[in-house]
Amino acid sequence: MPIDLNPSCKFCGKEEFLIFQAKERMLQMPGEFTYHECQSCKSIQLIDIPENLSDYYPVDSYYSQAPLVESSNLKNQLKSLRLKLFLNLPFNFLAPSYGYWLKKINPKRNYRIADLGCGNGQLLYEMYASGYQNLEGFDPFIPKTKKLNSNLTLWKKPFEDSVGFFDLIMMHHAFEHMADPKAILELCFEKLNPGGKILIRTPVTDAEVWKEKREMWVQLDAPRHLVIPSVKGFSLLAEHLGFSLDEVVFDSTEFQFWGTSLYEKGYPLNPDLAKSMFTSKELTEMKKRALRLNQEGKGDQVCFYLTKPIKS
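In terms of numbering that gives the first Met the number 0, the sequence shown has 98 at position 99, counting the first letter as 1, and numbering is strictly consecutive.
Among the clues, some could well be false.
List time: in silico DSS-like cross-link candidates among lysine-lysine, alpha-carbon distance up to 30 Å [stated by the list, open to error]:
#, residue 1, residue 2
1, K287, K102
2, K310, K231
3, K190, K210
4, K74, K145
5, K190, K103
6, K78, K181
7, K212, K274
8, K83, K286
9, K231, K297
10, K156, K22
11, K212, K181
12, K103, K181
13, K155, K212
14, K264, K22
15, K156, K103
16, K145, K155
17, K143, K78
18, K190, K107
19, K181, K145
Pair ranges (Cβ atoms, derived) [to be verified]:
#, residue 1, residue 2, range
20, E281, Q20, 29 to 35 Å
21, L17, V68, 40 to 46 Å
22, T278, I309, 48 to 54 Å
23, P308, P267, 40 to 46 Å
24, M276, E214, 16 to 22 Å
25, E246, E69, 30 to 36 Å
26, E69, G12, 43 to 49 Å
27, Q38, E189, 29 to 35 Å
Hints in this document: simulated from the structure, not taken from any laboratory. Every residue, glycine too, gets a C-beta built ideally from N, C-alpha and C.
All chains, please: the whole structure from these sequences, using the hints.
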């Protein structure tokens with residue numbers, strides 16, 4: 000894809016940039032890629048998007064393409080009971096892996112829910128197993144459309160080809176893989192029912208690790224990450240499009256440190272390798288540091304909670 004010679008920031012619209020180069024490090028594929036860092040809002044965007052971008056999502060090794068793991072009817076009943084108890088009682092030990100953000104939104108079980116960039120659909124399956132009844136995933140990179148049951152369909156197509164309106168739209172580390180953040184947020188606004196919610200989890204350039212490690216930052220993830228906003232840049236764009244930005248929650252983990260360290264040492268991304276390279280004490284310290292940076296607003300990923308106003 001040709002480079003835009005007169006680009007503007009996709010979040011704030013300004014035109015002053017710092018240019019830098021980045022390599023693909025997760026799978027150690029060849030090539031360098033040109034990014035622009037906005038000098039106003041500090042968001043970043045990839046300028047030379049590869050025409051063969053699907054090559055960077057290999058079905059046999061990219062994490063989101065792993066086989067879906069289904070559970071028995073009995074286990075699903077237990078998952079549904081656990082979620083009910085978690086949503087109604089003040090006990091976090093009952094939380095499923097997606098519990099903290101689900102409790103904030105607390106969607107009704109019959110809400111129509113879309114997950115953009117759903118990958119293998121594991122998250123949606125866990126929500127189905129816990130009692131949600133109207134779930135759809137959208138991902139052009141999955142092998143084929145798959146109707147798992149009457150409550151859950153995974154569509155091999157872009158979200159703009161969806162039919163009807165939704166009560167909740169989610170993007171769990173998918174937003175940064177989309178080339179035009181304005182267009183996708185406009186589409187979500189159009190596809191939401193009034194009062195509907197959007198949940199976006201994404202890396203952000205507010206991260207201390209980004210400022211310290213730059214091109215080695217594990218969540219830069221060239222060239223798959225086409226845009227990475229700052230909180231400021233995302234807020235400007237979302238509010239310009241008419242959304243209410245209800246809350247921003249930093250939820251980064253120790254991954255930012257051990258993943259970046261692997262890249263600095265010249266290794267591909269491999270959790271098993273990280274476990275062998277770092278002691279339990281070192282990994283625990285990384286986790287503590289991640290929690291502290293989240294509290295300070297310097298973690299490397301956030302959860303944005305948006306609402307479409309009832310009168311818009």
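Right, here's what the structure says about each hint:
Taken as a hint, the K287 and K102 pair is honoured in the structure, with Cα atoms around 24 Å apart against an allowance of 30 Å. A distance of roughly 25 Å separates the Cα atoms of K310 and K231; the hinted pair therefore holds under the 30 Å criterion. Taking the CA atoms of K190 and K210, the gap is about 36 Å. The hint is violated against a cut of 30 Å. The suggested pairing of K74 with K145 holds, with an alpha-carbon distance near 22 Å, which does not exceed 30 Å.
Our distance criterion of 30 Å between C-alpha atoms is met by K190 and K103, whose separation comes to about 21 Å. A threshold of 30 Å between alpha carbons decides the hint, and for K78 with K181 the separation of about 37 Å lies outside it, so the pair is violated. The hinted pair formed by K212 and K274 meets the criterion: a straight-line CA distance of about 21 Å does not exceed 30 Å. Among the hinted pairs, K83 with K286 is consistent with the structure: their alpha-carbon atoms are about 29 Å apart, no more than 30 Å.
Between the alpha carbons of K231 and K297 the distance comes to roughly 13 Å, so the proposed pair stays at or under 30 Å and holds. Taking the CA atoms of K156 and K22, the gap is about 29 Å. The hint holds against a cut of 30 Å. Pair hint K212 plus K181 holds up; C-alpha atoms about 28 Å apart against a cutoff of 30 Å. Of the pairs offered as hints, the one joining K103 and K181 holds, with about 25 Å between alpha carbons and a cut-off of 30 Å not exceeded.
As the CA atoms of K155 and K212 are separated by approximately 36 Å, the hinted pair breaks the 30 Å bound. With a C-alpha separation of about 14 Å, the suggested pairing of K264 with K22 holds against the 30 Å cut-off. Distance restraint check for K156 and K103: the Cα-Cα separation of roughly 29 Å lies within the 30 Å cut-off, and the hinted pair is therefore satisfied. For the hint linking K145 to K155, the alpha-carbon distance of about 8 Å falls within 30 Å, and the restraint holds.
Pair hint K143 plus K78 holds up; C-alpha atoms about 28 Å apart against a cutoff of 30 Å. Restraint check: the Cα-Cα separation between K190 and K107 comes to about 18 Å, which is no more than 30 Å; the hinted pair holds. Proximity of K181 to K145 is assessed by CA-CA distance (about 29 Å); at most 30 Å being required, the pair is judged to hold. Taken as a hint, the range 29 to 35 Å holds for the pair E281 and Q20, whose Cβ atoms sit roughly 30 Å apart.
Our hint of 40 to 46 Å for L17 and V68 holds, since their Cβ atoms are close to 43 Å apart. Taking the beta carbon of each, T278 and I309 are about 53 Å apart, inside 48 to 54 Å as hinted. Remark: the range hint 40 to 46 Å for P308 to P267 is upheld by a beta-carbon distance near 45 Å. M276 and E214 have their C-beta atoms about 21 Å apart, which keeps the hinted 16 to 22 Å range intact.
As the Cβ distance of E246 to E69 is approximately 33 Å, the hint placing it in 30 to 36 Å holds. Checked against the hint of 43 to 49 Å, the pair E69 and G12 passes, with Cβ atoms roughly 45 Å apart. Between Q38 and E189 the beta carbons are some 32 Å apart, a value that agrees with the proposed interval 29 to 35 Å.
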